Amino acid sequence: MSNEDAKRAVLIRAQPAALFKSGATALAARGRDLLRKKEEAAEWLRKGLELRDTAPADPRVTGPINPYAPGPQKTDLRVQLQTAVNYLTQVLAGSAPDAVAASLGMTRDDLEVAHVAHFFVPETLAAVMGNSAARIGERVEDHAGSTVPVIPSPAGMGDGVLSQKTVELSVQISLELERIEQQVGKREENLEEAFRCFETGHELDSWNPELLYWLAESYRRGDGVFQNEEKALALFRRAADMGYASAQTAVGDAYAQCGFSCIPEDFKEAARWYQAAAEQGDEEALCMIVDMYQRGKGVKQNHSEAARLLRDAAARGNENAKHNLRLSSERYGPPYDRCDGEGGRSGLRSDAEALG
Amino acid sequence: MSSEIVRHLSPEEQELAKKRQELAILQAELTDREVLLANLRAELVAFEGRYLREVGVLYAELDDWNAKIAEFAAKAEDTDDARAAASEARAQAEESYAAAHGEAAKAEDFSPSSELKKLFKDVVNQIHPDRAADDADRALRNRLMAEANAAYKRQDAAALRRILEEYTSSPESVKGDGPRADLQRVLREIERISRRLTEIEAEVVGLKSSEIALLMAKVQTAKAKGRDLLAEMRRDVQNRIDLVRSEFESRCAKVGDNEQ
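Protein chains in written order, with my numbering: chain P, 258 to 613; chain G, 30 to 289.
Among the hints, a few may not be true.
[As the list claims (entries may be wrong)] No farther apart than 25 Å at their CA atoms in a straight line, the calculated lysine-lysine pairs in the PhoX-like style are these:
no. : chain 1 : residue 1 : chain 2 : residue 2
1   : G       : 237       : P       : 295
2   : G       : 254       : P       : 294
3   : G       : 146       : G       : 237
[What the hints assert, rightly or not] Far from chain G, by Cβ distances over 10 Å, these chain P residues were calculated:
no. : residue
4   : 425
5   : 518
6   : 577
It is worth saying that the hints were derived from the structure and are not from the lab.
Predicted model only: the values in this text are computed from it and were never measured.
Built from N, CA and C at the ideal position, the CB exists for glycine as well.
If we strip away everything but chain G, and leave its shape as in the complex, we get (with noise of 0.2 Å):
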């Protein structure tokens, strides 16, 4: 009787015991770095829609008068140094009017309730594709996460349940084919993810450290001391607009009194 209760695992059996512990630290460990990265996007395409509505309109506009006065100087002058000026200002305006105007300035502002935070932690434990048993699950739980982090991004718990639900009415893999096969798998899916955390560690400090980044940085960092940056921002922008557009306009009356 004793003999069947005490049962002495494999030395492979304590292997995979102890790789099975392992994973599961890491597993925790991924979604709550996925869960951080997919936040910090998020918050960074949110805050460049706002800074580009709210700042990067004016500089758009500062390089729109600043490539008139570049034409009107051009016009004047009729030299090729002058045309080249001309054109390399109206090429930056128009290329600071399409960033101040086009989609990713549509961004809204991103503030998460935590009970949606929670659902995409869920998600990303239940649907990382690193935690995949087989190719076609991999193929199946890569789509389902791209959906799930759009869906984060857009704040739509809907759609995250959906996913959800998707996944877990999809064929489970079949498990265990002893317990060999079973640590060959474990040891995969520990390499898997240790991949996955380095490539999460190298996208954050990329992100962290891109000019959006620090530019957010230093605006909650000025918000904390009670001050408004982006408005400081967008009055110092406005006053070279004045600026700027006076002295296109003195051009133009310029011209005016000298053909009168």
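The following block holds chain P by itself, in its conformation from the complex (with noise of 0.2 Å):
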């Protein structure tokens, strides 16, 4: 009952102070509160965005690095560390270090690298190199009392002897390290505090869209929150039903379970949300759902459906469906063929009939 009493004093709450006035002026005011309160919320809406904007990358380690993957130059310090912890991940866990050193693509220099960042204190570069670097801790702890070198150095460093190099090179990772540290906490800060932006803003109008779907992304990535991906997929939901498309993506998301493991997975369902984002020009949705009538994931395949929506976005100026239509078009063939309006085969036919 308690628990009925607090709903109740909640929507008895829920009306404004006009309490105290009366007729269609009590009324005016009620409005113009919630207009208050919705320009208020939005104020709060652009404010967290901002902070999100201004929040500085992530430099974690969140997931194995490919050696190959276009990016900065792996002399980066940084990206050499992240290397480093690949390969103390996989070498921890029992690989030969020559074989992982050599699918890693490593250099003498990134193996002295991880050599030194070895010697590190566990937590430290834990804290600092996310998830998979706090296993590499526990290993490491794991070994501290033997007596086996856990990680073989390179030819020409000498176990247990400082040289020159080793000085230089364990200076500058625990410089690099501060550094990551600074730049984490920079980005928590910014996260935590667009979160409770975020959080202010729904208070004050609980049906705005946008709010709801940001509201729902702090909480799935765990961005200035504690992760919940229960949370993040109601509010998600919410925002669903109001037709917002990036929720609605975020809900097909879920049930197809591409970054969300939190209920069973649903194709059917999946592909009925990313069909309502994909009309709204949503281009994710548009991607997944294409790909689901192709292959009749979800949904019948249905090769004239999947090129209708392809179509239709291109026809907005989509580019990435454009690209689709005419990949398509060549593997598929005729549905995906009267497509981009520069020329399809059918252009071509329709020119043909007219001549003749």
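Each chain sits in its own coordinate frame; assemble them with the hints.
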């Protein structure tokens, strides 16, 4: 009953101070109150998004590093450290150091960095490098008492002897770790502040789908708040019901288990949400639903529907859709032909018909 | 001969001429301000009607559901507090209903033609009570002015014309008992008009800071930016109604389950 009480109290409190005024003026005051709250909420949303935009990028390693991926040069100490974390993970898991080094394409320099990094306090390394490094921390501590060197030193770096190069490298690494730590701290500060903005805005105007979306996104990624997928999904769901395209895509993702694992896979449901978002011009949802139609996943295989979605998007000037149309046309043929308006096969045919 | 043509004005006559000029300026100003005030009043009444019809009725519905929930809770809990909350919520709902379906909600949109505006301006110019010569004249002018204001609010051009005719056909007051008396009259008129101008100013400020005027200003600004605020508000209140209604229905269902 006390729960009911609280609910009723909330409902009654939801009526603004206008209780004390009367008649039409009171109703007008409630309208103005509503507008003021909506405006304030929009202002909080703007502030929160700005904070997110200005937050520094996350420097931590969150997954395996692909040494062949385009990006900064591997001589960049930060990238070397990330490679080192990757290397240490695999070696401590029991892989042969040489094979790992070869598979990661590590140079002698990289190996030296990995060797020195291994002597750093594991907690610091873990805190700075994220989840994957936390596991290394445990492993290094497991080995702490043993005399067996955990990581073989590259040739030329004597075990236990602090060469000039090792000292220099360790100074550089400790400075870099400090910079990373600062960046992470600044990022988290920004994200927490942004989350508070979204929350305040949401309290003022609980029907703003954009605020709902960003609140949900923060919960999903754990930005500025403890990660909570269920809560994120509930909020995404509300924004999606209100027709907010990005939220519809997110709900689709949840059913397709893309980045979510809190509900069972249901491609039929995923397709429904992707379709709704794609109709509104959401690019990610478009890619997903087109793929589902082409492969008959969650929906009946239907090339003409996929082609229609792509054509609609291409007509709106979506470059990805145009590209996708060309590829699909090569692969599946006719349904995708009458396509980009730049002379597909049927364009030629109708020309021929006109001539004939 | 020349002495008959060149007639020096006495100091009193000079003063009178100056004051008459001043009066003419004030009278023109007064007409403008009266028309502006009448426009503002009519616009506000019209907007209030629109707001009550479009959003107010939804608030009334919301209050009704809230009252239903409170009454439901009062029945279930059977405490004095709950009963008090329920009767308060019911009173609020009734008040909202009366406001949203009362006279104010019936006001039509106000968009006077330029012809009507000009006609009204003529009426104000002719019959403003502050330009009355004596008390009897003032009484007549007061009555006609009130009628004119009402007719303008209704956008009733025929009535305005009738008022104008009625006044011009009424006997004009006799003027002039020499410059001294004229000066006295002009001075009194100046004072009256100044006072009325201050009153108008105060009323305009009061009207412009009223809830409904602030709301209207926001709606108009948003409209200039291509947004329909009233529609957005309708959606918001409707959302809240849906929430409260489903809450009420789930409570009813729960009680139904318990009884079975």
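Verification of the hints:
no., hint, verdict
1, G:237 with P:295, "holds (22 Å)"
2, G:254 with P:294, "holds (19 Å)"
3, G:146 with G:237, "holds (21 Å)"
4, 425, "holds (61 Å)"
5, 518, "holds (30 Å)"
6, 577, "holds (30 Å)"
Hint compliance for this structure: no hint is broken.
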